[in-house]
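**Student:** This is what each chain is made of:
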Amino acid sequence: MIDLGLSEFCKWLAATSLSQTIQTTGWIIPALQTIHILSVAVVFSSAILVDLRIWRLLERDVPLPEVAHRFLPAIWPVLLILLMTGSLLIVGEPRRSLLNSTFYLKMALLAVAIMLTAGLQRSISSSPNSWDKDRGRRLAARFAATASIALWCGILFAGRWIAYTQTG
Amino acid sequence: MMEQLRDFISYFESSALADNIRENDVLFPLIESLHVVSICLVVGSIFAVDLRLLGLASTDRSVSRVMNGTLPLTWTAFAVAVASGSLLFISNATKYLGNGYFDAKILLICAAGLNMAMFHALSAKDLPRWENDTRLPLPARLAGGLSILLWVGVVACGRWIGFTMEVR
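Going down the list, the protein sequences come from chains A and B.
Numbering (my numbering) for the first sequence: 933 to 1100.
Numbering (my numbering) for the second sequence: 3 to 170.
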């Protein structure tokens, strides 16, 4: 029943003039995907650079709050570009993602990654001290960093897998 | 010379490894995902340096500090990108070689490497003199801008390969 409604919605979306334009102009989808991947590169690298600093694999001599302040704020405006290009890709090929469980897995992972990143950014900036010295804080940060790496990698893998799990 | 190169490539293309990547339903997307993850880290971490060269980010840190902070990630990710890219390549070498976007992508990566090597060679002597400035000398800004354009081109070509080549 739900599937039928969603399927109808996809049919309707695919018939809109915006979707028709995207479908019939060959370069639009690869161009949108290129912008989407470049934005993923910025968000993903920003998060990973902070995660690697938490694990003391990079920028060991720089305090964590400084590294977090340099890289994490850039994530939020770029996420808006991802939302826009992602939405246009869905409009262009609704069935490819909306009828694809891998897409929902990607969105679920994204929701958790956003909450984790926002939480990390908040707790680092609201109490910037002793992230490297206090044992409890260090462990908590390392747990968060490991989860962050796993989540963002999962999002990228799921994104690529959408192409292989289309129902047609 | 070209003949020998072709023999060399077809030797790898007909190997059991290439067969496995080509035929296995999971292996190809898995390597592809790894390729996307590593390219995103290469591009994202290089953009951090390029934006510093352009005077648009991290201006409170010297150029070499920004580079030292991100380049270990860049090179590690680049090694993974080359390894995963080579595996994807040998699985369908003949088709990739016949694809203009593949050739363009390789050329753009070489150009990006050359751009970086030239920046290091030209700036090696007097980098300490201006690397703390917000607004850097014109050659440094040009190198940063060019690097961004070249890597955008690399990602675009990579995406266009997928739309102009039937892999399986």
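A portion of the hints provided could be inaccurate.
Stated by the list, open to error - Examples of chain A residues lying across from chain B (beta carbon under 8 Å, computed):
no.	residue
1	I960
2	P962
3	L981
4	R988
5	L990
6	C1085
7	L1088
8	W1093
As the list claims (entries may be wrong) - From the derived model, a few chain A residues whose C-beta atoms are all more than 12 Å from chain B:
no.	residue
9	S939
10	F941
11	A946
12	T953
13	A963
14	Q965
15	S971
16	V999
17	A1040
18	V1044
19	G1051
20	Q1053
21	W1063
22	F1089
As the list claims (entries may be wrong) - Each pair of labels, with its calculated beta carbon distance range:
no.	chain 1	residue 1	chain 2	residue 2	range
23	B	E5	A	A1079	46 to 54 Å
24	B	W77	A	P1009	25 to 33 Å
25	A	T953	B	L109	28 to 36 Å
26	B	A81	A	G937	41 to 49 Å
27	B	L7	A	A1095	52 to 60 Å
28	A	R992	B	D128	22 to 30 Å
29	A	V994	B	S16	46 to 54 Å
30	A	T953	B	A113	28 to 36 Å
31	A	W959	B	A113	21 to 29 Å
32	B	S16	A	S1019	39 to 47 Å
33	A	A963	B	R137	29 to 37 Å
34	B	N22	A	I1046	54 to 62 Å
In case anyone wonders, no lab produced these hints; they're calculated from the structure.
Given the structure is predicted, the values throughout are model-derived calculations rather than measurements.
Ideal Cβ placement from N, Cα and C applies to all residues, glycine included.
**Student:** All hints, please: hold or fail.
**Tutor:** Against the structure, the hints come out as follows:
Against a cut-off of 8 Å between C-beta atoms, the interface hint on I960/A is violated, since the closest Cβ of chain B lies about 11 Å away. A least Cβ separation of about 5 Å between P962/A and chain B falls short of the 8 Å threshold, and the interface hint therefore holds. Taking 8 Å as the C-beta contact cut-off toward chain B, the hint placing L981/A at the interface holds, the least distance being around 7 Å. Interface restraint check: R988/A against chain B, minimum CB-CB distance 12 Å, threshold 8 Å, status violated.
With a least beta-carbon distance of about 6 Å to chain B, the hint placing L990/A at the interface is held under the 8 Å criterion. With its C-beta approaching chain B no nearer than about 6 Å, C1085/A sits inside the 8 Å limit, and its interface hint holds. Checking L1088/A against chain B by beta carbon gives a least distance of about 5 Å; that is within 8 Å, so the hint holds. Look at W1093/A: its Cβ gets to within about 6 Å of chain B, closer than 8 Å, so that hint holds up.
Once the 12 Å rule is applied to beta carbons, S939/A is consistent with being away from chain B; the minimum gap is 25 Å. Residue placement check: F941/A keeps its beta carbon more than 12 Å from all beta carbons of chain B (closest about 26 Å). Interface exclusion of A946/A from chain B stands, the closest Cβ pair being 19 Å apart, more than 12 Å. Residue-level check passed: T953/A sits 17 Å from the nearest beta carbon of chain B, beyond 12 Å.
The Cβ of A963/A sits about 8 Å from the closest Cβ of chain B, inside the 12 Å cut-off, so the non-interface label is violated. The claim that Q965/A is not at the interface with chain B is violated, since a C-beta of that chain comes within 12 Å of its own (minimum 5 Å). At the 12 Å boundary, the C-beta of S971/A falls inside the reach of chain B, the nearest C-beta of that chain being 10 Å off. With a minimum CB-CB distance of about 8 Å to chain B, V999/A fails to clear the 12 Å threshold, and the non-interface call is violated.
With a cut of 12 Å on Cβ distances, A1040/A stays outside the contact zone with chain B, its closest approach being about 17 Å. With a minimum CB-CB distance of about 18 Å to chain B, V1044/A clears the 12 Å threshold, and the non-interface call stands. Residue-level check passed: G1051/A sits 22 Å from the nearest beta carbon of chain B, beyond 12 Å. Q1053/A, annotated as away from the interface, keeps every beta carbon of chain B farther than 12 Å; the closest lies near 17 Å.
Its beta-carbon lying about 17 Å from the closest one in chain B, W1063/A satisfies the requirement of being farther than 12 Å from that chain. A cut-off of 12 Å between C-beta atoms contradicts the statement that F1089/A is not in contact with chain B; the least separation is 4 Å. For the pair E5/B and A1079/A, the supplied restraint of 46 to 54 Å holds, since their beta-carbon distance comes to about 52 Å. The hinted range of 25 to 33 Å is satisfied by W77/B and P1009/A, whose Cβ atoms lie roughly 28 Å apart.
The supplied range of 28 to 36 Å is met by T953/A and L109/B, whose beta-carbon atoms lie about 32 Å from each other. Between A81/B and G937/A the C-beta distance comes to about 48 Å, which sits within the given range of 41 to 49 Å. A C-beta distance of roughly 31 Å is found between L7/B and A1095/A, which places it outside the suggested range of 52 to 60 Å. Judged by the Cβ atoms, the range 22 to 30 Å given for R992/A and D128/B holds: they are separated by roughly 28 Å.
Range check, V994/A to S16/B: about 50 Å between beta-carbon atoms, so the 46 to 54 Å window is met. Separated by about 33 Å at the C-beta atoms, T953/A and A113/B satisfy the suggested range of 28 to 36 Å. W959/A and A113/B have their C-beta atoms about 23 Å apart, which keeps the hinted 21 to 29 Å range intact. Separated by about 44 Å at the C-beta atoms, S16/B and S1019/A satisfy the suggested range of 39 to 47 Å.
Remark: the range hint 29 to 37 Å for A963/A to R137/B is upheld by a beta-carbon distance near 32 Å. In this structure the supplied range 54 to 62 Å is violated for N22/B paired with I1046/A, their Cβ-Cβ distance being about 37 Å.
Comparing the model with each numbered hint stated earlier shows that hints 1, 4, 13, 14, 15, 16, 22, 27 and 34 do not hold.
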